[in-house]
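Q: Here is what each chain is made of, one letter per residue.
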Amino acid sequence: MHHSIELIDIDVSVGGVPLLHNVNIEAMPCELAAIVGANGTGKTTLLKVANGTFRPDRGKVHVMHQDFLTHKDPDALRRDIATVPQRSNHNRFPIRVEEAVLMGRYGKIGVMRRPKDEDLGIAREAMRLTGILSLEKKLVHELSGGEQQKVALARALAQEPQILLLDEPTTHLDASSRTEIMETIRKMHKERQLTTLMVSHEAEWVGQYADKVYLLKDGTSHLTA
Amino acid sequence: MIGVFIISLNLVPLRFAMMHIALLGGAVGLFLKLDPMLFGLLFCTAAALALGPLSDKTKMGLGTLSGLFMTLTLALAFILFYKGQINVLQAFSILWGNILSLTLWDLVTVAATSLFIIAVVFLFFKEIQAILYDREVALSVGLPEKRLYYLIVFVLGLTIAVSMRLIGALLVDAFVLLPAIGANLVARSLKQMFLLSSLFGFVSGIGGLCLSVAVDVPASSMIILAASAIIGVCMFYGRRYHTHGKGF
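Keeping their order, the protein sequence lines are chains U and E. According to the working numbering, the first sequence is numbered sequentially starting from 1. According to the working numbering, the second sequence is numbered sequentially starting from 1.
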């Protein structure tokens with residue numbers, strides 16, 4: 001069963017200063033919706049509202065037909081929503097690629113439980129789909145920017161989500177790496193029939209991949225395509 | 001082993017806050033004419049339970065909150081010293097520790113705490129790995145990130161409190177922090193980090209103690225020098241054998 005994600009009448013202020021007002025964003029089942037806007041317009045904040053890690057001042061977040069903000073177990077909802085953050089902040093933490101990808105399964109495996117062979121198989125398949133199987137034994141901090149981004153995408157895939165949230169997936173990448181990452185995302189989105197919400201400040205190429213594009217400007221959202 | 005938490009989550013200020021909270025606990029104990037060591041431990045345990053949730057409620061980072069507690073508890077302790085006419089040297093003695101004067105109850109406390117920590121790390125290994133790697137990732141894959149973070153902070157605070165009683169505040173760094181710094185430079189997995197930091201702590205402790213007897217210098221200084229030498233070796237090894245990726 002495929003699901004939608006809707007942000008309805010979202011208001012956010014940060015430090016008392018209004019940032020977002022009356023924002024309405026929707027990604028229908030199996031749709032790839034993009035949100036573009038300049039830096040500082042609240043795109044990352046909006047994505048955090050979408051995965052329930054940031055509470056807006058007003059509005060509703062409907063995910064998989066449930067209201068995220070009033071749900072009694074948001075961690076359970078979050079297990080079906082994979083988020084790929086803009087930057088990893090793990091510095092030199094020693095973790096191999098295979099472990100970092102398997103981490104996507106941790107929520108579904110459950111607390112104090114060990115991963116099973118099935119979980120290891122799902123993680124390997126995610127690495128294969130993102131083209132990083134040959135890097136599985138390497139440490140994440142030894143990889144290039146593009147390779148680290150693929151690790152984050154593989155982890156999101158390993159989570160077997162219904163909904164995929166991507167925060168600036170191609171920032172700091174050169175043109176060929178950017179194309180490679182976006183083709184990987186397109187393949188993931190199609191093969192797994194995901195509902196995807198992606199934010200980016202690079203409006204010029206986003207339209208090639210998205211089914212619809214929202215522009216975030218002056219604190220509100222406008223559907224452009 | 002616990003030093004790995006401090007390094008990975010950048011909780012160095014917490015360790016200093018615990019030292020001052022222990023001092024306040026000791027001051028309360030002396031003021032009430034009760035065991036200052038026990039009160040130091042109780043205050044640290046209570047703080048370890050409260051600091052995580054408090055930093056979230058006040059929206060202050062744990063480092064900032066630790067800074068606040070460091071100064072506030074020191075001020076309160078000195079008020080008690082003054083009002084209770086307490087000998088300051090007697091109060092500060094709870095920070096020195098004395099491994100030779102440990103009672104059976106102390107040993108039971110240390111053993112129980114050690115077993116508790118090992119059990120937590122074993123049972124929650126993958127969850128701890130996720131939190132130490134990236135708290136945002138841990139939250140986004142659906143782990144109960146806040147409760148796990150509070151558990152880590154509690155374990156950390158409890159360890160520092162018990163360690164101070166055993167070896168004193170000054171040596172806590174030598175046994176907890178420095179070995180973890182060395183392990184972080186050469187380990188290729190979290191498991192290796194835990195094992196190496198424990199090994200480095202053991203080697204620097206025993207080696208430093210033996211060297212201090214051989215060359216007739218204070219044991220605590222020699223242990224810290226031994227731990228620092230291990231870090232030096234790890235830096236050399238890490239630079240020689242590890243390649244570095246470009247990163248983001």
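A portion of the hints provided could be inaccurate.
Unchecked claim - Straight line, CA to CA, 16 Å or less: simulated EDC-like cross-link-like pairs of lysine to aspartate or glutamate: (1) K187/U x E31/U; (2) K60/U x E31/U; (3) K191/E x E98/U; (4) K146/E x D75/U.
What the hints assert, rightly or not - Anything over 10 Å on all C-beta distances counts as not near chain E; from chain U, calculated: (5) T45; (6) D57; (7) D75; (8) D80; (9) I81; (10) T83; (11) E99; (12) R114; (13) K116; (14) E136; (15) Q159; (16) K187; (17) E202; (18) G219.
To be verified - Between beta-carbon pairs, the in silico distance windows are: (19) V110/E x S176/U: 31 to 41 Å; (20) H62/U x R188/E: 52 to 62 Å; (21) E183/U x A111/E: 27 to 37 Å.
It should be emphasised that the hints constitute simulated quantities derived from the structure, not laboratory data. Idealized CB from N, CA, C, for every residue including glycine.
Q: So, for every hint listed, does it hold in this structure?
A: So, going through the hints one by one against the coordinates:
1. K187/U x E31/U: 13 Å, holds
2. K60/U x E31/U: Violated, at roughly 20 Å.
3. K191/E x E98/U: 15 Å, holds
4. K146/E x D75/U: 11 Å, holds
5. T45: Holds, since 14 Å exceeds 10 Å.
6. D57: 15 Å, holds
7. D75: 5 Å, violated
8. D80: Violated: least Cβ distance 8 Å, not greater than 10 Å.
9. I81: I81/U is in fact no farther than 10 Å from some Cβ atom of chain E, at 8 Å.
10. T83: Its Cβ does come within 10 Å of chain E, the nearest being 4 Å, so this is violated.
11. E99: 7 Å, violated
12. R114: Violated, because the least Cβ-Cβ distance between R114/U and chain E comes to about 8 Å, which does not exceed 10 Å.
13. K116: 12 Å, holds
14. E136: 13 Å, holds
15. Q159: 6 Å, violated
16. K187: Holds: least Cβ distance 21 Å, greater than 10 Å.
17. E202: Given that every Cβ of chain E is farther than 10 Å from that of E202/U, nearest at about 16 Å, it holds.
18. G219: G219/U is indeed farther than 10 Å from all Cβ atoms of chain E, at 23 Å.
19. V110/E x S176/U: 31 to 41 Å: 57 Å, violated
20. H62/U x R188/E: 52 to 62 Å: With a Cβ separation near 43 Å, H62/U and R188/E fall outside 52 to 62 Å, so the hint is violated.
21. E183/U x A111/E: 27 to 37 Å: Since E183/U and A111/E have Cβ atoms about 57 Å apart, the given range 27 to 37 Å is violated.
Hint compliance for this structure: hints 2, 7, 8, 9, 10, 11, 12, 15, 19, 20, 21 are broken, all remaining hints hold.
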